[in-house]
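Novice: Given chain A, work out where chain B should sit, using these hints.
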Amino acid sequence: MRYAMAIDLRTCMGCAACVVACKVTHRVEERFSRCRIRESLRGEFPTLQLTLYSERCNHCAEAPCVTNCPTGASHYADVGIVAVKESRCTGCKACLAACPYDARFINGRGVAEKCTFCLDRLRRGEEPACVATCPSRAMIFGDLDDPASEISRTLAARPHRVLLAEAGTRPHVFYLE
Amino acid sequence: MNGLEVNIVGANPGLWPVPQIWGWEIALYLFLGGLTAGLMVASGAAFRRSGDLPRSLGWWAPLLAPVVLGAGMLALFFDLENKLNVWRFYTALRLSSPMSWGAWILLLVAPATLAMAVVAVQERLVGASPAWRRRIAGANLGLGIALGIYTGILLGALGARPLWNSSMLGPLFLASGVSSALALLLLLERDAGARHSLNAVEKKVVGLEAGMLALLLIGLATGSAAHRAAAKLLLGGEFTGLFWAGVVFAGMLVPVGLDVLSRKGRAQVSFWPSLLVLAGAFTLRAVILFAGQVSRWEVL
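Chains as they are written, first to last, in the working numbering: chain A, 1 to 177; chain B, 1 to 300.
This is chain A alone, in the form it adopts within the complex (with noise of 0.2 Å):
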């Protein structure tokens, strides 16, 4: 099991509306956010571009947050998600300077918080809020380890690539081109 997420960058409209689920399910407190849309302009008018992105922590397969965490808060769960420990986080912050995506925040508890994939609706057999409420559907999730899954079919037929390939982190969160 190797939980995944697919956006579409054709069909996402930027409406944020996985940015308010996201923040009613989990009670995200004012001011913070764990997922974000992000407008990237590119080019020189009038030759412009503008990109829509969805944006949470990616769950990296090789994630820095892990490996710079001095407790163990931070750790990979059973399902290959990137997950904090709250009762092992002494909110230092090394998680928060290692992460190349600037996924976290430190909550008003003090400790590090990021998106989970949602696990504990994964638990209850539930798609991840933002996946649920997304309006134009530009957003799968899913099974990698499973071939027949609709994450590994739309990756295996539709170009694609993840955010910052180069900093090696092997993320889990895709964009379909």
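Be aware that a few hints might be false.
20 Å max Cα-Cα, derived DMTMM-like pairs, lysine to aspartate or glutamate [claimed, not checked]:
no., chain 1, residue 1, chain 2, residue 2
1, B, K203, B, D259
2, A, K85, A, D120
3, B, K232, B, E298
4, A, K23, A, E126
5, B, K83, A, E86
6, A, K85, B, E81
Treat the hints as calculated values from the structure; they're not laboratory data.
Specialist: Just chain B now, with coordinates in the frame of chain A:
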């Protein structure tokens, strides 16, 4: 990338637009930790030899090391966002995390500095030299080097921040710790002969430090686009003024220059060179810490 404009909905404070992860507490800790490392190296090297030591090396260095270390560890503690969990550092030893090594190194460093202080007090007040003097001195020398280097490796292990991705940072921080410790000892030493030898060593270490700083910049400036952009922060970007004026000019060139002038009898040198070296060492940590957090890989 030409004309890249990024806007984020749902960005977290402290991370966007500019990451501000670690603040003054960590800059202060890096400085005080380096100073402790330098004091340990100085007293460790001195106590490994037998015979009488000048007051700075035989008394002040071993006595100040645990005090400076305590202040540094306090700064480190202030930085922790979840202070009640501080003991969690000692329920795990994670070899992949330099932060974890650091926690354990500090646990060894603290008793080593205290033991060195006990040796110094015993020798000065009782007049007897304990049998384990050389062993304690050796431990202080070794642990001092480890403490001085690890802070640089800690930052270097954080691949997300290109400015820190240099193995030069460890030796650089160690050298800066040693030069700042010698500067502090020069402030306290009254004996002219001892001052002369401390001064000679200090200047050599500052020279070494300048060389390492140059290598660090060359390494970054000849690296990937992200590393070149990081070097630019110090060579024409946001932190250029503070780096050149505070670290290189005030912290290295002026103190060495004043010293040379005083030898030729053209300037009366008092405590200024030492204070400048200490201020320069702190500024070095602050510039590297804050510029490093701003440096990043560009996500397209």
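Novice: Hints first: check each against the structure and report whether it holds.
Specialist: Each hint tested on the structure:
Restraint check for K203(B) and D259(B): the C-alpha separation of about 9 Å stays at or below 20 Å, so the hint holds. About 14 Å separates the Cα atoms of K85(A) and D120(A), which keeps this hinted pair within 20 Å; it holds. Distance restraint check for K232(B) and E298(B): the Cα-Cα separation of roughly 14 Å lies within the 20 Å cut-off, and the hinted pair is therefore satisfied. Of the pairs offered as hints, the one joining K23(A) and E126(A) holds, with about 17 Å between alpha carbons and a cut-off of 20 Å not exceeded.
For the suggested pair K83(B) and E86(A), the alpha carbons sit about 13 Å apart, so the restraint of at most 20 Å is met. Distance check on the hinted pair: K85(A) and E81(B) sit about 15 Å apart at the alpha-carbon level, within 20 Å; holds.
When held up to the earlier numbered hints, the structure conflicts with none and fits them all.
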